[in-house]
Amino acid sequence: EPEVTQTPSHQVTQMGQEVILRCVPISNHLYFYWYRQILGQKVEFLVSFYNNEISEKSEIFDDQFSVERPDGSNFTLKIRSTKLEDSAMYFCASSPEGSGVRELFFGEGSRLTVL
Amino acid sequence: QKEVEQNSGPLSVPEGAIASLNCTYSDRGSQSFFWYRQYSGKSPELIMFIYSNGDKEDGRFTAQLNKASQYVSLLIRDSQPSDSATYLCAVRAAGNKLTFGGGTRVLVKP
Numbered sequence: 001e002p003e004v005t006q007t008p009s010h011q012v013t014q015m016g017q018e019v020i021l022r023c024v025p026i027s028n029h030l031y032f033y034w035y036r037q038i039l040g041q042k043v044e045f046l047v048s049f050y051n052n053e054i055s056e057k058s059e060i061f062d063d064q065f066s067v068e069r070p071d072g073s074n075f076t077l078k079i080r081s082t083k084l085e086d087s088a089m090y091f092c093a094s095s096p097e098g099s100g101v102r103e104l105f106f107g108e109g110s111r112l113t114v115l
Numbered sequence: 116q117k118e119v120e121q122n123s124g125p126l127s128v129p130e131g132a133i134a135s136l137n138c139t140y141s142d143r144g145s146q147s148f149f150w151y152r153q154y155s156g157k158s159p160e161l162i163m164f165i166y167s168n169g170d171k172e173d174g175r176f177t178a179q180l181n182k183a184s185q186y187v188s189l190l191i192r193d194s195q196p197s198d199s200a201t202y203l204c205a206v207r208a209a210g211n212k213l214t215f216g217g218g219t220r221v222l223v224k225p
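Protein sequence lines correspond, in order, to chains A and B. According to my numbering, the first sequence is numbered sequentially starting from 1. According to my numbering, the second sequence is numbered sequentially starting from 116.
Derived by calculation from the structure, the hints in this document are not laboratory data. Every residue gets a Cβ at the ideal spot worked out from N, C-alpha and C, and that includes glycine. Worth double-checking, as some hints may not be accurate.
To be verified - Computed Cβ-Cβ distance ranges for the label pairs, DEER-style: (1) A:12 / B:192: 26 to 34 Å; (2) A:73 / B:127: 39 to 47 Å; (3) A:81 / B:142: 28 to 36 Å; (4) B:169 / A:96: 20 to 28 Å; (5) A:85 / B:197: 28 to 36 Å; (6) A:85 / B:190: 32 to 40 Å; (7) B:167 / A:64: 37 to 45 Å; (8) B:175 / A:64: 37 to 45 Å; (9) A:64 / B:184: 38 to 46 Å.
What the hints assert, rightly or not - Here are the simulated EDC-like pairs of lysine to aspartate or glutamate, each with C-alpha atoms no more than 20 Å apart in a straight line: (10) B:157 / A:3; (11) A:57 / A:103; (12) B:157 / A:108; (13) B:157 / A:1; (14) B:157 / A:86; (15) A:83 / A:56; (16) B:171 / A:3; (17) B:117 / A:56; (18) B:157 / B:193; (19) B:182 / B:170; (20) A:57 / B:118; (21) B:117 / A:44; (22) A:42 / B:170; (23) A:42 / B:142; (24) A:83 / A:62; (25) B:157 / A:44; (26) A:42 / B:118; (27) B:224 / B:130; (28) B:117 / A:59; (29) A:42 / B:160; (30) B:157 / A:103; (31) A:57 / B:142.
Using the sequences and the hints given, assemble the complete structure.
Shown next, in the form of structure tokens:
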């Protein structure tokens with residue numbers, strides 16, 4: 001069964017460092033998303049991406065964050081200068097076009113620990 | 116602020132019983148509703164979705180939607196210990212994003 005894959009599964013970084021989280025969405029999906037979940041808290045929307053541009057973003061997704069689809073398969077989230085409060089599980093998700101319901105399929109997540 | 120509210124639990128049910136989970140949402144423009152299951156340390160896994168008022172059944176799971184009351188529920192029949200997890204309600208209004216509730220933790224006791 002097709003799945004969303006994410007790398008790395010866990011990254012530890014120092015505050016102020018740049019981090020890139022990578023995702024390979026399901027191949028025939030055209031909508032891509034990043035969500036995050038701080039330990040013990042809700043799953044929070046960060047950004048959605050369609051047709052090579054951001055379609056929606058949350059207040060969390062400030063200038064420190066950026067997304068890119070550098071080729072036909074990868075979808076990346078970059079955090080330019082990490083803060084302690086960026087420590088969380090980051091989930092990539094994708095959904096198919098043509099589905100009015102447009103259910104999301106999540107990857108296994110990348111755990112980011114900022115020291 | 117569009118909110119999705121769930122009782123955090125834990126909801127403790129004996130094996131074989133029915134677990135009933137509830138979710139309310141604030142945005143009347145919400146169009147589709149999702150239930151995800153999340154095991155500790157894992158990603159959300161889609162159980163089912165519903166977008167019309169009424170009931171929708173899929174195996175041991177039944178989702179119920181009442182848009183007038185802004186209420187969606189999930190019933191798990193014949194609960195198994197493997198159903199022990201956190202159940203997330205998610206709502207889509209206009210646009211692409213899902214707004215998640217905080218989840219209800221379910222414990223199924225053998």
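Evaluated hints:
Our hint of 26 to 34 Å for residue 12 of chain A and residue 192 of chain B is violated, since their Cβ atoms are close to 43 Å apart. Against the hinted window of 39 to 47 Å, the Cβ-Cβ separation of residue 73 of chain A and residue 127 of chain B comes to about 44 Å, which satisfies the hint. Distance hint check: the CB atoms of residue 81 of chain A and residue 142 of chain B are about 34 Å apart, consistent with the given range 28 to 36 Å. Here the CB-CB span from residue 169 of chain B to residue 96 of chain A is close to 25 Å, well matched to the stated 20 to 28 Å.
Judged by the Cβ atoms, the range 28 to 36 Å given for residue 85 of chain A and residue 197 of chain B holds: they are separated by roughly 34 Å. The hinted range of 32 to 40 Å is satisfied by residue 85 of chain A and residue 190 of chain B, whose Cβ atoms lie roughly 37 Å apart. In this structure the hint that residue 167 of chain B and residue 64 of chain A lie 37 to 45 Å apart at CB holds, the actual value being about 41 Å. Distance hint for residue 175 of chain B and residue 64 of chain A: a CB-CB separation of about 43 Å, consistent with the stated range 37 to 45 Å.
About 40 Å separates the C-beta atoms of residue 64 of chain A and residue 184 of chain B, a value consistent with the hinted range of 38 to 46 Å. A distance of roughly 14 Å separates the Cα atoms of residue 157 of chain B and residue 3 of chain A; the hinted pair therefore holds under the 20 Å criterion. With a C-alpha separation of about 18 Å, the suggested pair residue 57 of chain A and residue 103 of chain A falls inside the 20 Å cut-off, and the hint holds. At most 20 Å may separate the alpha-carbon atoms for a hinted pair to count; residue 157 of chain B and residue 108 of chain A meet this at roughly 6 Å.
For the suggested pair residue 157 of chain B and residue 1 of chain A, the alpha carbons sit about 18 Å apart, so the restraint of at most 20 Å is met. For the hint linking residue 157 of chain B to residue 86 of chain A, the alpha-carbon distance of about 18 Å falls within 20 Å, and the restraint holds. Distance restraint check for residue 83 of chain A and residue 56 of chain A: the Cα-Cα separation of roughly 23 Å exceeds the 20 Å cut-off, and the hinted pair is therefore not satisfied. Proposed proximity of residue 171 of chain B and residue 3 of chain A is contradicted: the alpha carbons are some 25 Å apart, above 20 Å.
Among the hinted pairs, residue 117 of chain B with residue 56 of chain A is consistent with the structure: their alpha-carbon atoms are about 15 Å apart, no more than 20 Å. Taking the CA atoms of residue 157 of chain B and residue 193 of chain B, the gap is about 24 Å. The hint is violated against a cut of 20 Å. At roughly 12 Å between alpha-carbon atoms, residue 182 of chain B and residue 170 of chain B fall within 20 Å of each other, so this suggested pair holds. Note on residue 57 of chain A and residue 118 of chain B: the hinted pairing holds, with a Cα-Cα distance of about 17 Å set against a maximum of 20 Å.
Restraint check for residue 117 of chain B and residue 44 of chain A: satisfied, since their Cα atoms lie roughly 12 Å apart, inside the 20 Å limit. A distance of roughly 26 Å separates the Cα atoms of residue 42 of chain A and residue 170 of chain B; the hinted pair therefore is violated under the 20 Å criterion. Of the pairs offered as hints, the one joining residue 42 of chain A and residue 142 of chain B holds, with about 18 Å between alpha carbons and a cut-off of 20 Å not exceeded. With a CA separation close to 13 Å, the supplied pair residue 83 of chain A and residue 62 of chain A stays within the 20 Å bound.
Note on residue 157 of chain B and residue 44 of chain A: the hinted pairing holds, with a Cα-Cα distance of about 15 Å set against a maximum of 20 Å. Taking the CA atoms of residue 42 of chain A and residue 118 of chain B, the gap is about 11 Å. The hint holds against a cut of 20 Å. Straight-line distance between C-alpha atoms of residue 224 of chain B and residue 130 of chain B comes to about 6 Å, which keeps the hinted pair within the 20 Å bound. Simply put, residue 117 of chain B and residue 59 of chain A have alpha-carbon atoms about 13 Å apart, close enough for the 20 Å limit, and the pair holds.
At most 20 Å may separate the alpha-carbon atoms for a hinted pair to count; residue 42 of chain A and residue 160 of chain B meet this at roughly 15 Å. The straight-line distance between the Cα atoms of residue 157 of chain B and residue 103 of chain A is roughly 18 Å, inside the 20 Å bound, and the hint therefore holds. For the hint linking residue 57 of chain A to residue 142 of chain B, the alpha-carbon distance of about 18 Å falls within 20 Å, and the restraint holds.
Hint compliance for this structure: hints 1, 15, 16, 18, 22 are not met, and every other hint is.
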